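> Fit chain Y to the supplied structure of chain F, relying on the hints for placement.
Here are the chains, one letter per residue:
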Amino acid sequence: MTTGVATQAADRTLGRVGRGGGRRSSRIAYLYLVPALLVMGVITLYPLMYQVWMSFTDYTVTNLRGNAPNWVGLQNYINVLQSSLAIPNFDFVRLILYNIFWALSNVAIHVVLGVSIALLLNTDGLRFKRFYRAVYILPVVIPPLIVATVWTNMYDPDYGAVNLILRGLGGFLGLPATAFNIDWLRQVDNPISFIPLPMAFFAMLVTNTWLGWPLNSVVATGALQSIPRELYEAAEIDGAGPWMKFKTVTLTYLRPAMVPYAMYGFVITFNLFYLAYFMSQGGPLGKTELLVTQAYRLVNGQQLYGVGASFAVIMFFLLLVITLVTNRLARATASYEDL
Amino acid sequence: MASTTRTLPAAPIKLNKSRRGRLSWRRQAILQACAVLLLFTVLFPVIWVFSVSLDPLSRSRPQGLSIIPPGATLESYVQVLRQPTVNPVTFLTLALNSLKIALGTSLLSVLIGVLAAYAFSRLRFTGRQVLMIGILAVLMLPTVATLAPLFVLLNGIKFTNLPLLGNFNLRDSLLGVGLAIISGLLPFAIWNLKGYLDTIPKDLEEAAWVDGASTNQTFFRVILPLAMPALAVTGFLGFVGGWTEFYFSWQFLTKPGDFTLAMALYQMQGNFQSIPWAQFSAFAILFAIPPAVVYFLAQRFIISGLALGGVKG
Chain F
1 MTTGVATQAA
11 DRTLGRVGRG
21 GGRRSSRIAY
31 LYLVPALLVM
41 GVITLYPLMY
51 QVWMSFTDYT
61 VTNLRGNAPN
71 WVGLQNYINV
81 LQSSLAIPNF
91 DFVRLILYNI
101 FWALSNVAIH
111 VVLGVSIALL
121 LNTDGLRFKR
131 FYRAVYILPV
141 VIPPLIVATV
151 WTNMYDPDYG
161 AVNLILRGLG
171 GFLGLPATAF
181 NIDWLRQVDN
191 PISFIPLPMA
201 FFAMLVTNTW
211 LGWPLNSVVA
221 TGALQSIPRE
231 LYEAAEIDGA
241 GPWMKFKTVT
251 LTYLRPAMVP
261 YAMYGFVITF
271 NLFYLAYFMS
281 QGGPLGKTEL
291 LVTQAYRLVN
301 GQQLYGVGAS
311 FAVIMFFLLL
321 VITLVTNRLA
331 RATASYEDL
Chain Y
340 MASTTRTLPA
350 APIKLNKSRR
360 GRLSWRRQAI
370 LQACAVLLLF
380 TVLFPVIWVF
390 SVSLDPLSRS
400 RPQGLSIIPP
410 GATLESYVQV
420 LRQPTVNPVT
430 FLTLALNSLK
440 IALGTSLLSV
450 LIGVLAAYAF
460 SRLRFTGRQV
470 LMIGILAVLM
480 LPTVATLAPL
490 FVLLNGIKFT
500 NLPLLGNFNL
510 RDSLLGVGLA
520 IISGLLPFAI
530 WNLKGYLDTI
540 PKDLEEAAWV
550 DGASTNQTFF
560 RVILPLAMPA
570 LAVTGFLGFV
580 GGWTEFYFSW
590 QFLTKPGDFT
600 LAMALYQMQG
610 NFQSIPWAQF
620 SAFAILFAIP
630 PAVVYFLAQR
640 FIISGLALGG
650 VKG
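Residue numbers (this note's numbering), protein chains in the order written: chain F, 1 to 339; chain Y, 340 to 652.
The hints are all genuine.
Where chain Y lies over chain F, by a calculated footprint (3+ residues, C-beta under 8 Å):
no., segment
1, 33-41
2, 54-67
3, 126-132
4, 149-161
Simulated restraints, written as ranges between beta carbons of each label pair:
no., chain 1, residue 1, chain 2, residue 2, range
5, Y, G466, F, F101, 37 to 43 Å
6, Y, N506, F, A179, 56 to 62 Å
7, Y, N506, F, S83, 38 to 44 Å
8, Y, I472, F, G239, 47 to 53 Å
9, F, F246, Y, P595, 55 to 61 Å
10, Y, L435, F, F194, 48 to 54 Å
Simulated from the structure, these hints should not be mistaken for lab results.
Values in this document were obtained by computation on a predicted structure and should not be read as measured data.
Glycine is no exception: its CB is placed at the ideal position from the N, C-alpha and C atoms.
Chain F extracted, bound-state conformation (with noise of 0.2 Å):
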């Protein structure tokens, strides 16, 4: 008898630990899910789908008072893509090649720049190491927000420190001062003739590459040390030089740390709002627009909520593909832990 409750417990405990529980367990997971539904579902869900509803209407600052919009089918869809928005400097082809590139560009150079200066700083006996891993750390710790504003004054053509440095530098080579009066962030010339990239596009590359390689070096640091020095031994014993080690065993250790990494750096630049904002105002003639502060400036700027949202929609879409894409390369290269 005792012996028979015994196991019948034993049943329903194993019975619940191994079969995950079956019924009860859904009701009991239903119940730790229903605040998150609740709220998403009124404040995410909701105003996502009307987001879709809106992008088929021509909802503007009119209709805020309550009047309907009109049903305009596809329309702002048609004028997106076609780029015939009433909108100066609006180019939708040229928005997106612009925004891949920038945020190509960004990634490429600060996983290069933070993989070196984690090698530099993992080299056995440099004096110091510690306190330049925590000074180097600053760039992260200050809100972007705050550091495209403080870069913006940087850039001033007047009294910016980066056209005050470039002076001195310039002193003496003999060159007038008068040769740095550069307007960084609005020049409408592009100063590379052959290149059609505007100079604002370079001093943002700048800023974003401050701001950016610290944490690319935090993670490679994290993935150098974590390479057995065995490894390396073994690799000398077989007669490899530096290059080959750093080849077949550094590169072999970061790669799995670092492509993940790149691909959530990727997606972070590329909807990085402040630099494009705050510094160029998407200028000169819009060529350094985002397609995020393009959708900010079409609803905050120019109140034109139903395009907007239009606008939104196709970005939905341009973001699945971008994730599926950067998604598949993580997973080409899983990291060691999930092997």
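Chain Y alone, transformed into the frame defined by chain F:
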């Protein structure tokens, strides 16, 4: 070719030496020079903004580069604390508004998020896959993308002649901004926390289950204490996001008494011609200090959490 074969045997010897912690003074000097140069580039903007903030207010633009400018004073800080922009609000008012948004959104999203994250990470239920894909899809969208519908929908909730509040428009209030932020922050919190809960070994819970603990007891007594670092990181990221939030507050709020620090910074940048750079710089420094302090206090947690969040998407 000949030179390559000569360097091959030399390299291991050099490395063996360095493994014992010694570098030739020449390599040490070159590497130190690189490190110091980097140090300079990292520190330069910070030192510059600090030195500009010491300029007297009568000097509207910095004159040259000097760490301590001539006539250095703290009067720009005094001015910023009293009235940073043309609006008649103090720094404290702006900071309190930012703090309300930051604390409210980060706490709420972590509290609600960890419950959902637990369900996704540990419990089996019908519709799990669909819900998770839904959350991932929302996560993919940048916050700006929901600006138009949130503005219109929140603007639809308004009351006139309320007993205490008078006229109230949910869109034009800190509460409305907070709701809009949570709409994007909650999916992020769920996903980030789920990623962490997935890494907690299942043995502990199974032991608790065998001892007869219910799902609730397992969650509160076993999982929650172990997830504390992840809660701290997610909360911190939400806090910094809310502290510097710009898109929604700039689009939604119209009453200067509700304005936030981020809005004031943008306004100051807009009124560039009239505002002395010293005032602007002092504001930027005071604005950046709270997240920086929190970051340095919880550095260990946050770096590992950031790396984890990066890998797990």
